[in-house]
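Chemist: Use these hints to put chain B onto chain A, whose structure you have.
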Amino acid sequence: MISLLSGLFTQNSFIPHGVCLAWDPSLMLLFVVSDSAIAFAYYTIPIALICFIYKRRDLAFRGIFALTGAFILACGTTHLMGVVTLWYPAYWPDVMVKFFTAVISIFTAAAMWWVMPEALALPSTAQLEEANRRLQHEIGERERAEAALRDANEELERRVAARTAELEAEVVQRRRAEEILRASEQRWRSMFEASAVGIALTDENRRFAAANKAFQRMIGYTEKELCRLGPIEITHEDDREATREMLDDMLAGTRADYHVEKRYRRKDGMVIWVRVSTAQAPKPGSSLRGIPTVIEDITERKRAEDALQEARDALLRVSRVTTLGELSASIAHEINQPLGAIVANGSACLRLLAAEKLDLEEARETVEDIINDGRRASAVLGRVRQLAKKTAPERAPVDVNGAIAEVLSLTRQELHRSQVTARTELDPNLPPVLADRIQVQQVVLNLVMNGIEAMRGVKDRARVLRIKSGVGAPADVAVTVEDTGIGFANSDPEHIFETFFTTKDDGMGMGLSISRSIVRAHGGRLWASAGAPIGAVFSFTLPACAGA
Amino acid sequence: MSDKFIVMIVDDDNSIRRAARRLIKSYGFPVETFVSAEDFLASGRLHATACLVLDVQMPGLNGLELQSRLIADGYRIPIIFITAFHDENTQAQALKTGALAYLAKPFEEADLLSAINIALQRQEGVPRSPGASH
Numbered sequence: 000m001i002s003l004l005s006g007l008f009t010q011n012s013f014i015p016h017g018v019c020l021a022w023d024p025s026l027m028l029l030f031v032v033s034d035s036a037i038a039f040a041y042y043t044i045p046i047a048l049i050c051f052i053y054k055r056r057d058l059a060f061r062g063i064f065a066l067t068g069a070f071i072l073a074c075g076t077t078h079l080m081g082v083v084t085l086w087y088p089a090y091w092p093d094v095m096v097k098f099f100t101a102v103i104s105i106f107t108a109a110a111m112w113w114v115m116p117e118a119l120a121l122p123s124t125a126q127l128e129e130a131n132r133r134l135q136h137e138i139g140e141r142e143r144a145e146a147a148l149r150d151a152n153e154e155l156e157r158r159v160a161a162r163t164a165e166l167e168a169e170v171v172q173r174r175r176a177e178e179i180l181r182a183s184e185q186r187w188r189s190m191f192e193a194s195a196v197g198i199a200l201t202d203e204n205r206r207f208a209a210a211n212k213a214f215q216r217m218i219g220y221t222e223k224e225l226c227r228l229g230p231i232e233i234t235h236e237d238d239r240e241a242t243r244e245m246l247d248d249m250l251a252g253t254r255a256d257y258h259v260e261k262r263y264r265r266k267d268g269m270v271i272w273v274r275v276s277t278a279q280a281p282k283p284g285s286s287l288r289g290i291p292t293v294i295e296d297i298t299e300r301k302r303a304e305d306a307l308q309e310a311r312d313a314l315l316r317v318s319r320v321t322t323l324g325e326l327s328a329s330i331a332h333e334i335n336q337p338l339g340a341i342v343a344n345g346s347a348c349l350r351l352l353a354a355e356k357l358d359l360e361e362a363r364e365t366v367e368d369i370i371n372d373g374r375r376a377s378a379v380l381g382r383v384r385q386l387a388k389k390t391a392p393e394r395a396p397v398d399v400n401g402a403i404a405e406v407l408s409l410t411r412q413e414l415h416r417s418q419v420t421a422r423t424e425l426d427p428n429l430p431p432v433l434a435d436r437i438q439v440q441q442v443v444l445n446l447v448m449n450g451i452e453a454m455r456g457v458k459d460r461a462r463v464l465r466i467k468s469g470v471g472a473p474a475d476v477a478v479t480v481e482d483t484g485i486g487f488a489n490s491d492p493e494h495i496f497e498t499f500f501t502t503k504d505d506g507m508g509m510g511l512s513i514s515r516s517i518v519r520a521h522g523g524r525l526w527a528s529a530g531a532p533i534g535a536v537f538s539f540t541l542p543a544c545a546g547a
Numbered sequence: 000m001s002d003k004f005i006v007m008i009v010d011d012d013n014s015i016r017r018a019a020r021r022l023i024k025s026y027g028f029p030v031e032t033f034v035s036a037e038d039f040l041a042s043g044r045l046h047a048t049a050c051l052v053l054d055v056q057m058p059g060l061n062g063l064e065l066q067s068r069l070i071a072d073g074y075r076i077p078i079i080f081i082t083a084f085h086d087e088n089t090q091a092q093a094l095k096t097g098a099l100a101y102l103a104k105p106f107e108e109a110d111l112l113s114a115i116n117i118a119l120q121r122q123e124g125v126p127r128s129p130g131a132s133h
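First to last, the protein sequences are chains A and B.
In terms of numbering that gives the first Met the number 0, the first sequence opens at residue 0 and continues consecutively.
In terms of numbering that gives the first Met the number 0, the second sequence opens at residue 0 and continues consecutively.
FYI, nobody ran anything at the bench for these hints, they're computed from the structure.
Keep in mind that this is a model prediction, so the values were computed, not measured.
Among these hints, one or two may not hold up.
[Claimed, not checked] Under the rule of at most 27 angstroms between Cα atoms (straight-line distance), these lysine-lysine pairs were calculated in the DSS-like manner:
#, chain 1, residue 1, chain 2, residue 2
1, A, LYS212, A, LYS223
2, A, LYS356, B, LYS95
3, A, LYS356, B, LYS3
4, A, LYS301, A, LYS266
5, A, LYS212, A, LYS301
6, A, LYS223, A, LYS261
7, A, LYS212, A, LYS266
8, A, LYS458, B, LYS95
9, A, LYS261, A, LYS301
[Stated by the list, open to error] Just a sample of chain A residues kept apart from chain B, beta carbon distances all over 12 angstroms, derived:
#, residue
10, THR253
11, ARG254
12, CYS348
Just so it is clear, CB atoms sit at the ideal spot from N, CA and C, and this is done for glycine as well.
Just chain A, same shape as in the assembly (with noise of 0.2 angstroms):
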């Protein structure tokens, strides 16, 4: 190895180059300087791209920058050899290095034109500022617009929290009122099923919406059946009418309420009696849709009611007759008197036909005494018929005078024979009253027995039956009966209306109760007060026709 580069270094047959500088001092200095310096500068370089290429290890183009090295370390070498020919023709070794020198720079450039479009494509510094900027605009941008969307996103959580705990509250509460609403329908709906009076709903159709057992057991009809039905399928033919202007009224909110008794038809035909009351309609847009109606059967009741006023009227009937039968010895006598005519007319008569001397215009006076005297006879039994037959109280306008002066006629025998005088002041300018003209008198005819026989025991004083009548407060007929009897003493003049209350051995105590009740029926009022200085004052009043 050493004799080979001893032999490349020492081939004589050429001359070093400093033979061709004719080893000018100078020239060589300058050579040796100038390719040492270029040879240092060759050799520094790569050394600078090699560290370069090991601290850049993301450096583009590594082979491009290991390759210039290399051709440049190559460069370096050459000037290093052509300090060694100076002195030494070692030229062999000088040209080798030069021809690896030569390869390694065309590898080198061609690999430059090689990755040059790549090179190319490298953005710039600038074009790396600006993006670097836009790109930092951009983060800035982002940053700012994450810090508003954490913000937004805070914001949301807090109002979701807060809705959240909202809506927990909401939830509770309603819960709660659901409960409370539940427990008041149950309440409610426990009330509807068990009630003992019928509840329907009505609805804006005119149909049950809702009837509880009480109305289905009432009117014999299913819930099911009474949702097609309404009030007005229902309710009795003659009480339709008027059951469904109600109905109209109260949908249109003209009307309130209604409380009203009618009649029903069962579904099995038979007609109850009921009372229904109707609530407050709901408002329009209300949630309670229909009419709330309470029903309650009365059939009972109104039942017990027709056999009370059927009682009452045979009650009437019977203290009519009680009042005839103590007025029969008057009435016997009111008859005996025109009998006692007619007989005696005809026994007259009979002897006047019998005459010789035919007295004809005597015998036709007697014959008309006689029709007369029976016409008499049978109108005091007219009048006590009347009083005793059983009818129907009727209204019509009845002469309150008229009614009174029967009465006398009938009582006269037994004012009479009670040693009591009967004394009259009344009106002739009297307006008629809408009255049971019957009735009217047996409260007339109860007042004077009653005055009578309140003077029974009367003995120091006159006996003195006096009855007015008069015009009373506006529109009021009034009447009168004052005796001069026992009168209340210190007791309440009231007691007397009481029924069964007596002072008679023989009475029933009726009379006068009866009579209070007749006068209250005509829309009147009957009372009792003390007479002055003694005695009893029994007064009733009757409101007078309309318009007389």
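Modeler: Below, chain B without anything else, positioned relative to chain A:
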């Protein structure tokens, strides 16, 4: 029949007065009528009364009261009571105090006539008034 035998009728009922007068007249007795006891007392015809047909129930002085009054005043007038209101107590009282008869309306013609005839028979020897006996 005696012209002096006059029958007086006191009754507040017009029909009875007319009928009774007609019937008694048909037997030929003179008849006078009065509407009340007070009327009769005031008439001044008490001395002329041979027989009194007297109603029991009348307003004012009634038949029994008139009877008591006449007795108290010394009159012995035969009285025939007629009444439309039959009452045994009144009848007993009337007869006890000397009434000839007590007839309930409607009375029988025969009853009235026989009572009048009794009065007529009594008239024969009995003075009719306090004044006549003195």
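Chemist: Is CYS348(A) truly not at the interface, in the sense that its beta carbon sits beyond 12 angstroms from all beta carbons of chain B?
Modeler: Violated, since 8 angstroms does not exceed 12 angstroms.
Chemist: Regarding the assertion that THR253(A) does not contact chain B, is the least Cβ-Cβ distance greater than 12 angstroms?
Modeler: holds (68 angstroms)
Chemist: LYS458(A) and LYS95(B) were given as a pair; does the straight-line alpha-carbon distance stay at or below 27 angstroms?
Modeler: holds (25 angstroms)
Chemist: Is LYS212(A) within 27 angstroms of LYS266(A), Cα to Cα?
Modeler: holds (15 angstroms)
Chemist: Holds or violated: LYS212(A) with LYS301(A), Cα cutoff 27 angstroms?
Modeler: holds (23 angstroms)
Chemist: Mind checking the alpha carbons of LYS261(A) and LYS301(A) for me, to see if they're no more than 27 angstroms apart?
Modeler: holds (10 angstroms)
Chemist: Take a quick look at whether LYS223(A) and LYS261(A) sit within 27 angstroms of each other, Cα to Cα.
Modeler: Measuring from Cα to Cα gives roughly 24 angstroms; hence the hint holds.
Chemist: Decide, holds or violated, for the assertion that all CB atoms of chain B are farther than 12 angstroms from the CB of ARG254(A).
Modeler: holds (65 angstroms)
Chemist: Mind checking the alpha carbons of LYS212(A) and LYS223(A) for me, to see if they're no more than 27 angstroms apart?
Modeler: holds (12 angstroms)
Chemist: Sort out whether LYS266(A) lies within 27 angstroms of LYS301(A), counting only the CA atoms.
Modeler: holds (20 angstroms)
Chemist: Holds or violated: LYS356(A) with LYS3(B), Cα cutoff 27 angstroms?
Modeler: Satisfied, since the Cα-Cα distance of roughly 24 angstroms is no more than 27 angstroms.
Chemist: Run the distance test for LYS356(A) versus LYS95(B): straight-line Cα separation, threshold 27 angstroms.
Modeler: Measuring from Cα to Cα gives roughly 42 angstroms; hence the hint is violated.
When the structure is compared with the earlier hints, violations turn up for hints 2, 12 and for no others.
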